[in-house]
Amino acid sequence: MTSRDRDEAKEALRKFTRRQLMELDTCAHCALCTEKCPTYAESQVPNYAPGVRSSKTVRLYNKQFDLRARLLGSRPITEEDVADLADSAFNCTLCGRCMETCPFGFQTHELWVRVREVIRDLGGTPSKVLMLEEMLEESQNPYGLEPDMRLDWADYTDLEEIPEKDQADIAYFVGCTTAFKGANHEVAFAIASILNKLKENWTLLGEDEWCCGSPLLLAGDEHGVKKFAEHNVEALKSRGVKTVITGCAGCFRVFKWEYPKLLGYKPDFEVVHAVEFLRDKLASGELNPDPAKERVGYHDPCELARLGGVIDAPREALKYLASDYVELPESGMDVRCCGGGGLLQAVNNDLRMAIVNRRLGQARELGVEILTSGCPSCKLAFADGVRESDIEIEVLDVMELAARQLGLL
Amino acid sequence: MNGIITPLYAFFVEKLPYVTIFVFLIGTALRLNRWLSAPKDPHGGRLDLVAGLKYIILDVVFFRKTFKTDKMTWLTLFLFHVGAGGILFGHMRGFKLWTAEMFSPLGPWLAEFMVHTLPVYIGWMFIATQVILLIRRGVLERQQLQSLPNDYVALLLLLITTILGQGMRIFPPEAIPTETYSVVFIPRLIVLHLEKVPSFHWFFLHILFTQLFVMYIPFSKLVHIVSGVITPAFYGSRRKEYDL
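Residue numbers (the working numbering), protein chains in the order written: chain A, 1 to 409; chain B, 1 to 244.
Careful, some of the hints might be misleading.
To be verified - A few chain B residues facing chain A, derived, Cβ under 8 Å:
#1 F62
#2 T66
#3 R188
#4 E195
What the hints assert, rightly or not - Here are the simulated lysine-lysine pairs, DSBU-like style, with alpha carbons at most 30 Å apart:
#5 K261/A / K199/A
#6 K196/B / K56/A
#7 K96/B / K56/A
#8 K15/A / K71/B
#9 K266/A / K40/B
#10 K71/B / K261/A
#11 K181/A / K199/A
#12 K242/A / K71/B
#13 K281/A / K68/B
#14 K40/B / K10/A
#15 K240/B / K54/B
#16 K199/A / K56/A
#17 K240/B / K261/A
#18 K319/A / K71/B
#19 K56/A / K68/B
Calculated from the structure, these hints are not laboratory results. Since this is a predicted model, take the numbers as computed values, not measurements. Just so you know, even glycine gets a beta-carbon here, dropped at the ideal spot from N, CA and C.
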């Protein structure tokens, strides 16, 4: 390790903030979070356990900054060290469940994102994650598809009114996973149809919509996401938008909680998840659906519930949409991740499928016929799981169920 | 005490406390420097006092999350911390921060129980919970956790210290006490007033290990005595911010 390498390693490790370093130093490696961790629970691989990640991160940090390093000089951080930590950090759905189990209340979601950032600076980011970043850079979406394909969902679903206005009160931010993944096109159609039915003054951003930047954040590229934040906020501001509605839990979290941090100010519009908007319209009587007769369950997307603060709204909406609603075990703040988050699909899809099958099993035990969620990544994961295990559960977004019960879908 | 204690024991009482305080202060300064030299959270991390306090009470005092996660570990951890608190409180009497008369209103039997009998049970409970935690760590090691050396060192030091402290209580004293006597660690600053003359070997080894333990605090996970209160306050503040 050259002195330059050492300086770079030091620089990278200095990204841990005071609170994060305190958390790492305080972690007692009690393993209380381990059994709750979806990736460990399904793999039993010790390296994926949050406490082990914490141990390894501290070891890495101490190589450069502990008392011995100060007195005798820092020890080299090897490629194996970085690869080992990367294996731990990227085999994680970033669901934040360990935060809810940690006796000390460590904010692990932020901590593990920071670990990924450090790994990135140390050159250990998995190649598939780097590819994703390249595609975002080139085409402003993580799938590497042409930006003009963003509205293809409207063609495929035969949406009649496709507003792209210069000025509007509401903007529907579709999100990449909804816009580019066929399985989610009807989610976009459902939201657009409901907005049309309500005769809202709303618009799409069309090609002007860029990825919210969530994948970059999850990859540990906080710097790179700022450009996306600035672009999207400018696109919305220029249209005089007062409310941004999104059906994607990831977009919602990033818009609502990360953009103000990244930009240093709170953009002058309200950020609302589609289920919150729907709940309000159902409660006010503006929408009157015919409740579904099937047994309906709801899976809390981690980014919407635990990490986004929206737990009650979907349940309140489902009271109007389903006559036989059942609460899944391990839900709300303690929701068991579906496996669809944290870029796990790019790194370890087998593990993602094992996690989703566990969650589907829980739904099946309750006799759930329609499993709803409020996140396109959750929907994709469940749809993949249903397809793979041949389970007879229909997977829908809450907005799709709403559109269906309103006779729009 | 002349003729009974060895020069080594005298060192533990008369000289080592200065070393202990020095090492503890240096260690604390190094730990604070380590934390403070890290960058501040650029995005704030605002502290909400009410929400912070709520989660300090729920999570630090009652171990709410552990209760939800694993009832047996909760019971062990809770009793372990009750034991630690009880023993710390008991030691305060030796330093005249409270007196046995405080329990007089409870009546002679209960006062005697509180001052002399209960501490023995608490001592056993404290030892038992430490052993359980040590076994738990050993069993889960390499499967669910990867301890750092200091995870074990801290627990072993505490266990040895507690066993020695308990030994003081249960083994008979070498000398028959005539009256309460004092052990002066640092004149006018740290003076221990003992009701009974303890079993000396256990006593002086207890003093040695207690000081080793105190010296080790800033270098170990035992920093959670302080940081473990701060982090739930931030956690509670986050929940408040997210309206959870």
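- request: Go through the numbered hints given earlier and state which of them the structure violates, listing their numbers in rising order.
  value: Of the numbered hints given earlier, those the structure breaks are 1, 3, 4, 5, 6, 7, 8, 10, 12, 13, 16, 18, listed in rising order.
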